[in-house]
Every structure is written in C-alpha cells, then in structure tokens.
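Going down the list, the protein sequences come from chains A and B. Every letter in the first sequence is one number past the one before it in this note's numbering, and letter 60, counting from 1, is 60. Every letter in the second sequence is one number past the one before it in this note's numbering, and letter 84, counting from 1, is 84.
These are computed hints drawn from the structure, not numbers from a lab. All C-beta atoms in this analysis are idealised placements derived from N, C-alpha and C, irrespective of residue type, glycine included. Hints may be right or wrong, so weigh each one.
Among chain A residues calculated to face chain B with C-beta under 8 Å, some are [what the hints assert, rightly or not]:
1) T5
2) S7
3) M11
4) P41
5) R43
6) E52
7) K55
8) Q56
9) A59
10) A71
11) K73
12) A101
13) L105
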Amino acid sequence: AQTVTQSQPEMSVQEAETVTLSCTYDTSESDYYLFWYKQPPSRQMILVIRQEAYKQQNATENRFSVNFQKAAKSFSLKISDSQLGDAAMYFCAYRSFYGGATNKLIFGTGTLLAVQP
Amino acid sequence: SAVISQKPSRDICQRGTSLTIQCQVDSQVTMMFWYRQQPGQSLTLIATANQGSEATYESGFVIDKFPISRPNLTFSTLTVSNMSPEDSSIYLCSVGLSATEAFFGQGTRLTVV
Numbered sequence: 001a002q003t004v005t006q007s008q009p010e011m012s013v014q015e016a017e018t019v020t021l022s023c024t025y026d027t028s029e030s031d032y033y034l035f036w037y038k039q040p041p042s043r044q045m046i047l048v049i050r051q052e053a054y055k056q057q058n059a060t061e062n063r064f065s066v067n068f069q070k071a072a073k074s075f076s077l078k079i080s081d082s083q084l085g086d087a088a089m090y091f092c093a094y095r096s097f098y099g100g101a102t103n104k105l106i107f108g109t110g111t112l113l114a115v116q117p
Numbered sequence: 001s002a003v004i005s006q007k008p009s010r011d012i013c014q015r016g017t018s019l020t021i022q023c024q025v026d027s028q029v030t031m032m033f034w035y036r037q038q039p040g041q042s043l044t045l046i047a048t049a050n051q052g053s054e055a056t057y058e059s060g061f062v063i064d065k066f067p068i069s070r071p072n073l074t075f076s077t078l079t080v081s082n083m084s085p086e087d088s089s090i091y092l093c094s095v096g097l098s099a100t101e102a103f104f105g106q107g108t109r110l111t112v113v
C-alpha cells in the first residue's frame with residue numbers, strides 16, 4: 001500500500017521569503033501522480049501544483065515549484081515570495097496512475113504554514 | 001474544472017441522530033469520493049461511490065454507519081448514522097475529471113454533542 005509522509009507539522013516563513021515543505025512517499029508503482037493541496041481556514045481544498053511521475057521536469061506554477069526526486073521518493077514544495085494569503089494547511093497527496101480519475105487520493109498528515117508579516 | 005456544492009456547510013447534532021450530507025456537481029462524473037477529516041488531522045477516504053452500484057468502503061468504514069447514495073452522475077449523499085462525539089469531523093466530497101485533477105466541495109463541519 002502507498003503511504004505519504006510529511007515530517008513537518010508546522011512551518012513559519014517571513015513575508016516575501018522562500019519556504020520549502022517536505023513530502024516523502026512510499027510506493028512500488030512506477031507511474032503515479034503527486035499533488036500539493038492547500039487548505040485555508042475556509043476548509044476548501046485548493047490544488048496548488050501537480051506532478052506526473054513519468055515527467056522528469058519539475059512542475060512550476062507561478063510562485064510554487066516542486067523538487068521531484070523519483071529515486072528518493074521525495075516531492076517537496078517551494079513557495080517563493082511568500083504572501084500572507086499563503087498561510088494554510090498544505091497536504092501532499094498521491095494517486096495511482098492506472099485507473100486515473102477513478103483512483104482515490106492518499107494524503108499526508110499536512111504541514112501548517114504560518115506567514116509572518 | 002468542476003464546481004461542487006456541498007450541503008450543509010456545518011451542523012451541530014445530538015448524539016444518536018443521523019445527518020445526511022449532499023454533494024452536487026456541475027458536470028457528470030464517474031466516481032465520487034467521500035473523505036473524513038478529523039480535527040487537526042489529514043483526509044481519510046470513507047468510500048468511493050459509482051453511479052448504479054453500491055459504494056466501495058475503505059477499511060474501518062461500514063455501510064451501516066455511513067450509507068451512501070449515488071442516484072445519478074451529478075449527485076451523491078453521505079449519511080452519518082447514530083452519531084457519537086467521535087464522529088465530529090469535516091466531511092468532504094471530491095470528484096476527479098481526469099487523473100491529474102481532483103476537486104473538492106467546501107466541506108461539512110459536523111459537531112456531535
């Protein structure tokens with residue numbers, strides 16, 4: 001069975017600085033998808049960024065980028081130029097490749113990010 | 001993308017009663033997923049609902065406690081039955097339009113007293 005681990009329960013960053021959130025996972029599959037979701041106090045789950053395991057290039061979405069290390073089974077999220085609105089709980093998630101949208105997401109335990117003004 | 005309307009957004013219920021949570025999607029989807037998020041914790045899948053068949057439950061969740069209906073491709077309900085304070089959680093429905101996308105409702109915050 002696949003597992004996702006986030007070893008940082010809480011992180012803090014100064015506004016405009018850069019922060020990296022860690023995520024490791026365990027799987028025997030060679031193809032899969034990885035995601036970072038943001039959950040602000042509103043409870044709404046918001047997709048931040050996604051990565052297909054078969055792509056070597058790291059995904060980037062504006063101020064958000066990932067460092068995907070397939071051999072090490074690591075998938076960290078870097079937030080550049082942090083903004084107050086980035087404060088939220090961040091979840092790393094895994095989805096199996098085969099079956100696609102019919103597969104569930106497996107979530108890590110989350111990292112609570114605080115942004116200091 | 002998909003827009004998911006989940007109702008109610010929150011409720012306070014007496015122990016021993018049941019609450020039905022509704023999830024409406026603005027497009028047809030094959031699978032709908034129901035997750036539970038206990039206070040301060042991660043999301044755990046309760047069950048997967050496919051239209052026209054019985055839901056598939058994850059280990060630790062049973063149909064008698066969490067019955068699910070999926071009458072069509074845009075709607076599903078999750079009932080939390082015979083509630084106890086341990087059922088106090090956020091419940092979220094989710095759909096995936098493709099392998100690289102999953103959308104969530106805004107969640108239902110349930111408090112059982």
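Evaluation of the provided hints:
| no. | hint | in the structure |
| --- | --- | --- |
| 1 | T5 | 11 Å, violated |
| 2 | S7 | 13 Å, violated |
| 3 | M11 | 16 Å, violated |
| 4 | P41 | 11 Å, violated |
| 5 | R43 | 4 Å, holds |
| 6 | E52 | 7 Å, holds |
| 7 | K55 | 11 Å, violated |
| 8 | Q56 | 16 Å, violated |
| 9 | A59 | 10 Å, violated |
| 10 | A71 | 22 Å, violated |
| 11 | K73 | 18 Å, violated |
| 12 | A101 | 4 Å, holds |
| 13 | L105 | 6 Å, holds |
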